[in-house]
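There are 2 protein chains.
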Amino acid sequence: MAASYFESQVRSTATFELFVRTLPENRGYLVAAGLEQALDYLQDLRFRAEEIDYLRRHPMFAHVSPAFFDYLGEFRFTGEVWAMAEGTPVFQDEPLLRVTGPIIEAQIVETYLLSVITFQTMIATKAARLVEAAQGRGVVDFGTRRAHGPEAGVLAARAAYIGGCLGTSNVEAGLRFGIPTVGTIAHSFIMAHHDEEQAFRDFARLFPENVILLIDTYDTLRAVEKVIRMGCCPKGVRLDSGNLADLSKEVRRRLDEAGLRDTRIYASGDLDEFAITRLLAQHAPVDFFAVGTALVTSKDAPALGGVYKLVEVFEEPAGGPRKLPRPTAKFSADKYTYPGSKQVFRSSGATGEYTHDVLACAGENYDGATPLLEGVMRDGRRTCSAPPLESIRERVRGLLPRLHPTVRELRNPAPYLVQISQQLAGLLEQVRNETLR
Amino acid sequence: MAASYFESQVRSTATFELFVRTLPENRGYLVAAGLEQALDYLQDLRFRAEEIDYLRRHPMFAHVSPAFFDYLGEFRFTGEVWAMAEGTPVFQDEPLLRVTGPIIEAQIVETYLLSVITFQTMIATKAARLVEAAQGRGVVDFGTRRAHGPEAGVLAARAAYIGGCLGTSNVEAGLRFGIPTVGTIAHSFIMAHHDEEQAFRDFARLFPENVILLIDTYDTLRAVEKVIRMGCCPKGVRLDSGNLADLSKEVRRRLDEAGLRDTRIYASGDLDEFAITRLLAQHAPVDFFAVGTALVTSKDAPALGGVYKLVEVFEEPAGGPRKLPRPTAKFSADKYTYPGSKQVFRSSGATGEYTHDVLACAGENYDGATPLLEGVMRDGRRTCSAPPLESIRERVRGLLPRLHPTVRELRNPAPYLVQISQQLAGLLEQVRNETLR
Chain A
57 MAASYFESQV
67 RSTATFELFV
77 RTLPENRGYL
87 VAAGLEQALD
97 YLQDLRFRAE
107 EIDYLRRHPM
117 FAHVSPAFFD
127 YLGEFRFTGE
137 VWAMAEGTPV
147 FQDEPLLRVT
157 GPIIEAQIVE
167 TYLLSVITFQ
177 TMIATKAARL
187 VEAAQGRGVV
197 DFGTRRAHGP
207 EAGVLAARAA
217 YIGGCLGTSN
227 VEAGLRFGIP
237 TVGTIAHSFI
247 MAHHDEEQAF
257 RDFARLFPEN
267 VILLIDTYDT
277 LRAVEKVIRM
287 GCCPKGVRLD
297 SGNLADLSKE
307 VRRRLDEAGL
317 RDTRIYASGD
327 LDEFAITRLL
337 AQHAPVDFFA
347 VGTALVTSKD
357 APALGGVYKL
367 VEVFEEPAGG
377 PRKLPRPTAK
387 FSADKYTYPG
397 SKQVFRSSGA
407 TGEYTHDVLA
417 CAGENYDGAT
427 PLLEGVMRDG
437 RRTCSAPPLE
447 SIRERVRGLL
457 PRLHPTVREL
467 RNPAPYLVQI
477 SQQLAGLLEQ
487 VRNETLR
Chain B
57 MAASYFESQV
67 RSTATFELFV
77 RTLPENRGYL
87 VAAGLEQALD
97 YLQDLRFRAE
107 EIDYLRRHPM
117 FAHVSPAFFD
127 YLGEFRFTGE
137 VWAMAEGTPV
147 FQDEPLLRVT
157 GPIIEAQIVE
167 TYLLSVITFQ
177 TMIATKAARL
187 VEAAQGRGVV
197 DFGTRRAHGP
207 EAGVLAARAA
217 YIGGCLGTSN
227 VEAGLRFGIP
237 TVGTIAHSFI
247 MAHHDEEQAF
257 RDFARLFPEN
267 VILLIDTYDT
277 LRAVEKVIRM
287 GCCPKGVRLD
297 SGNLADLSKE
307 VRRRLDEAGL
317 RDTRIYASGD
327 LDEFAITRLL
337 AQHAPVDFFA
347 VGTALVTSKD
357 APALGGVYKL
367 VEVFEEPAGG
377 PRKLPRPTAK
387 FSADKYTYPG
397 SKQVFRSSGA
407 TGEYTHDVLA
417 CAGENYDGAT
427 PLLEGVMRDG
437 RRTCSAPPLE
447 SIRERVRGLL
457 PRLHPTVREL
467 RNPAPYLVQI
477 SQQLAGLLEQ
487 VRNETLR
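Chains as they are written, first to last, in our numbering: chain A, 57 to 493; chain B, 57 to 493.
Worth flagging that the hints you see were computed from the coordinates, not collected in a lab.
Heads up, a few of these hints could be off.
No distinction is drawn between identical chains; accordingly, a pair holds when it is met within one copy or between any pair of copies.
Said to hold, decoys possible - Quick list of in silico lysine-lysine cross-link-like pairs, DSS-like style, CA-CA up to 30 angstroms: (1) K305 / K291; (2) K282 / K305; (3) K355 / K391; (4) K355 / K305; (5) K305 / K391; (6) K391 / K291; (7) K282 / K355; (8) K391 / K282; (9) K291 / K379; (10) K305 / K379.
Using the sequences and the accompanying hints, generate a full structural model.
So, in structure tokens, the structure goes:
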């Protein structure tokens, strides 16, 4: 497409919006995440010589002129970006990102932006659900080994932290993003020692303040006795198999009897928000839930239907005087998109609870409502520094409770009201008539 | 764990095996993939100064001696690896990878290996299912935008090609792995032009041999008339919405009437193996299925239960004379693992069809059966060069038909027989008695 725009001298400026058409099953909201990596990408995107050579030699490009490859060598993203801040609750049809720039530039970045933003948004949302289910107990990310490749594990750890997890077992994510890391031991560590008690002692000696001992390798209750015999108070014990509700109660009882009241119980083993809910309904005295597969793959809803749609075209090239844009929309058998550059306005009630959103044209204004899309990049450069990850996480903890509890239900949540502004509805009709006439 | 092994002077050599405990729902087999990236990782793994500094300053590591960080600075993987060749059909409990080395080294690599191998294995398997459903029609990967981050999209494209896809829309995967790339246009390309016909003409002029025109942006059947009016014979047209069975028949009829018999029909839009099966049952004249989300996320089964388990320990350090290993296994409430280094033997019937596998101890031998695990790395160096991706893909096309059709069923496949050798069963009992006594 880029080559065709180039060769056909299409130099228009265009606006694309990235949004999710329909929330996945059992999701009443999403938590926006991934903007940071999107902006890094836009700011740093270059085509390396090796990449351009590959395209030049590609049979598909046989009729493309050398000038296009020269253009790729000089390529920079020079556009403007508006976005929802990471950590913002977001709903169907609401743009997470709005990109305006020369159409070639704005088109080339589509796939990367979709993949990095929808993935992290999906995982931050899943984390928020797990944290909701845990009712104040801690949730930690133990999922990297089941992530869709090692890099997905690192991005998932970041998104999980945004969504409310306390930390991650992914040390690379600790280094790259400053996320607290949470470690424990594997069954292999126990099995590599001649006996379980020696393994416990070796580990506790080296990590006296931080030891979390895995106690289900052979016999959980016998392992608890070994922990007690150590004569120290480990930070935690972890259960990874068996009936977690029954075991956690018995383990808690024995630890308490031995005076190890400060030793916390970690549970793991194919947990998700529904398993956590069941465990807490059974009053399982679990302090921390370590969640892996379900979290880092968003297993029950492993893809968001994210799209990146052209919403308006300025026929004249960037830099020239802008005339009115031509709004665009797609109307095929079973889908349509809203035309034009948009803004999302969020309204709150007297006690701060969110009442509804309005999806509006970018130029509109709603007194008392908060516009959610903010300018974050101009001329291909960030216009503000990235907020600390910690503050994004705090935002989520502050904003989610403003959604009505029925919207936050883990099953069949109530839909949150997203109204279409009169002006946007009118524009949709106008474009529909012009397009399909 | 590495720090504890180091400080406690545990210098044993250990063997770990990577396998999948249970095949996901509706999977009768898996297609092994990802070995190449696993071996790259093992051969190149180093700790950078920045990483070591991060660990050194980490509060968790307050009691760890400087010698450990010096050790990390010198770290190399020096072990031995046996593996199933990529493209091999594999079943529950069968090791895809067996790693033997100093226990610290073999432990540190666990998470990366699991994530890179189980992800690609899952996607190669999904691709094989899609290809099976397509009954000889082509399947192409259009999924990157929905992958779990951009890098997952590249790895998914590789695995999809191994599993039988014809190509990918991911150009980076084309560059890195030599996979054929397949391009088309997006709705935005049509919408950016003043009219659809002009967009078609612009694109066809530049890519006369390769043009695949997207015809559902506004009105599919009117778009077909525009394609016909162009007076050339485009390589293909793509349908992305609506009733694909009805539309493809009508589009085919009109193309044929106009003499465009060589123009192929591509279908896309939330396809999976079941949708493809339904379309073909309705005799939809679709030539190529472009699959996105379902393929690159393996949406119906988005995680494989891959594990990496310690199976034996040689108590003496590497380099010394090896005594007999101590086989290890885990026996907790609801799980157990098979002890000892293993080999998988596959037997065939008279016409080449696979009859059963035997999961055996590494030293065993079965006349006439093929051992599937091969040595691929010694002293941390590859012992053979990587096979071309094309030949891995050909292997899959050759080996899968040797599985009984009931094992390849897309729903509720028959289980393939994996026997446990007498020797392995005996070893399991022996270790169980020793461990739980």
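Status of the hints after comparison with the structure:
no.: 1; hint: K305 / K291; result: within (17 angstroms within a copy, 66 angstroms between copies)
no.: 2; hint: K282 / K305; result: within (17 angstroms within a copy, 71 angstroms between copies)
no.: 3; hint: K355 / K391; result: both (26 angstroms within a copy, 22 angstroms between copies)
no.: 4; hint: K355 / K305; result: within (28 angstroms within a copy, 36 angstroms between copies)
no.: 5; hint: K305 / K391; result: between (52 angstroms within a copy, 21 angstroms between copies)
no.: 6; hint: K391 / K291; result: between (54 angstroms within a copy, 26 angstroms between copies)
no.: 7; hint: K282 / K355; result: neither (36 angstroms within a copy, 43 angstroms between copies)
no.: 8; hint: K391 / K282; result: between (62 angstroms within a copy, 22 angstroms between copies)
no.: 9; hint: K291 / K379; result: neither (65 angstroms within a copy, 38 angstroms between copies)
no.: 10; hint: K305 / K379; result: neither (70 angstroms within a copy, 43 angstroms between copies)
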